[in-house]
Amino acid sequence: MNRISGIAASNGIAIAKAFRLEHPELTVDKKNVADTQAEIERFQQAVNESIAELEVIKKRTAEEISDKEAAIFGAHLLVLEDPELIGPITDKINTDSVNAEFALHETSTMFVDMFEAMDNEYMKERAADVRDVTKRVLAHLLGVKIQNPSMITDEVVVIAEDLTPSDTVQLNPKYIKGFITDIGGRTSHSAILARTLEIPAVVGAKSAMSSIDNGTIVIIDGLEGEVLLDPDEATLAEYKEKQQAFAGQKAEWAKLKNEATVTKDGVAVELGANIGTPKDLVGVLDNGGEAIGLYRTEFLYMGRDEFPTEQEQTDAYAEVLQGMDGKPTVVRTLDIGGDKELSYLKLPKELNPFLGLRAIRLCLEMPDMFRTQLRALLRASVHGNLKIMFPMIATLDEFREAKALLMEEKAKLEAEGIPVSDQIEVGIMVEIPSTAVMADTFAKEVDFFSIGTNDLIQYAMAADRMNESVSYLYQPYNPAILRLVKTVIDASHKEGKWTGMCGEMAGDEIAIPILLGLGLDEFSMSASSILKARSQLSRLSKADMEGHIEHILGLSTSQEVEDYVKNL
Amino acid sequence: MVEKTFTITDPAGMHARPASALVGSLTKFQSDITMEFKDKKVNLKSILGVMSLGVPSGSQVQIAADGADEAEAMETIERVLKEQGISNE
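For the record, the sequence lines run as chains A and B. As numbered in full-length UniProt numbering, the first sequence has no gaps in its residue numbers, which increase by one up to the final residue, 568. As numbered in full-length UniProt numbering, the second sequence has no gaps in its residue numbers, which increase by one up to the final residue, 89.
These are computed hints drawn from the structure, not numbers from a lab. Some hints could be false.
As the list claims (entries may be wrong) - Listed next, the in silico DSS-like pairs over lysine-lysine satisfying Cα-Cα at most 30 angstroms (straight line):
no., chain 1, residue 1, chain 2, residue 2
1, B, K38, A, K124
2, A, K135, A, K124
3, A, K68, B, K28
4, A, K257, A, K532
5, A, K135, B, K4
Given these sequences and hints, build the entire structure.
Shown next, in the form of structure tokens:
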């Protein structure tokens, strides 16, 4: 049995025989032709055959998949009828006395290069369309047959070097159980389509085409990014079980979408999502998010030449608040500086960017920029349930200063007659150890805490999270971290406030039972982890976990904690 | 010759779907039809030509039709642009 590793592009397990989708190497030689008129006719014939073929594929795709997917072939047909493509080709055959293959190749290459040179992902995809159409005509000229995936009527796993746009839209999930490609990444066109069709896929497998024959039984493990060839009975049985477990799990998770998050002993906790732009809302709602625990506003400031205006920001915040329809939405004010740079904000290079002028420190240094964001947040506040959070707070003075600016802007807006919500909670990120230690003092003044574990761990362990040589110190289960987390949660509860967590740790299978036992009120994670976490929490008892906390916090190492939780 | 200026209002600019609909509706006309954007003029019957302009949202394009059926062609252009929601003028 052979094993190939690649990139896990789409979840699930597929077991079927391999179907090699080969794109024949079409080589073009330059030849001189005497009878140019006959050559033009030969070219026209190949174009007509391609048109007829595309009409069939288009119809079939519309029937079997959808009109939307069929539309790409409509675009291909227009390219084949394009006077700016066909004209220059026939001209070239005529004036240069060259063969149709060469004239076609030269002309289409010009268009491909032009689209690829454009500074726009969307336009770059058009290059793939032109290449796709050209290949089809070229195959007809050369008398080579191109395989069309829509003609597959057997359950198979497709193996290919790469999938062209016209291949991918023809993948009918009824027959195509999954696919493996040698090139591509998690965000390539084919990977995204696999996730839409919900079929397992492994991309970037490098050697799939060179090592898998037609008809070989293949297992695709889209969860791990593994491909197994010719599995023995035992492996086959193991993966069939895994496949069923995955299907069962998916069905169970889907049922939880509109459910509240409640533990086995009836305690409700809140599961939120971390987002970067209003576009991420769809994923939050699709996965049954009960809140947004972290809206990172820095993306609004990135990829542009100047600061976003107050109106632009108001619109973005209002869109998110409206989309959440009254559910809690925690917006973090600008966390920029250090390693995150803005081209239009010239900041001096720092020796220790993670310990330097960033986040709230920078905002208090540049109050005009900060006030604009605060005004935009206040103006948007009437559209939903807004909670404002300041990042990187190290001292109570910083919090007081930031909150004073917020209150000043609120008073100004009210004086201008602009409505502002009276229900806005104001809290802080806890990511600096000094703040965690002083949480009892902070809790008297803030409305909530949100623990940012990625930074809290980096600062508590003095380990640069960008430095791979010290990555072993990224230890979320280290009792030192857990004790800090406990200090923060306890301090908030003592003052009747709440604590959330918005780092990677909040969605971690091992950490969740501990955090539940510690009394965490809100877990915020990437949207795709929410249903899994909800399912896990429904099987856990908070009272039980509370009983384990004393023992866990008394353990000596991260590994001991991990082992203990795994064996519960 | 008839000529008209349009403002592209679709937030995504002149993208593939409406461009295909526009080009597809014009192949039947005899007239020469061109679209000009930022000093670059292309054949409006050519999908590759139209796409190569990469017209973004909010920009103005000049469309001209020249030939026996130019008036009818311009009517079609106005109708398709409106139907496709890429320009409302």
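Hints and how they fare:
1. B:K38 to A:K124: holds, 21 angstroms
2. A:K135 to A:K124: Within the cut-off at roughly 17 angstroms; holds.
3. A:K68 to B:K28: Holds - the C-alpha atoms of B:K28 and A:K68 are around 25 angstroms apart, at most 30 angstroms.
4. A:K257 to A:K532: Roughly 10 angstroms between the alpha carbons, so the hint for A:K257 and A:K532 holds.
5. A:K135 to B:K4: violated, 38 angstroms
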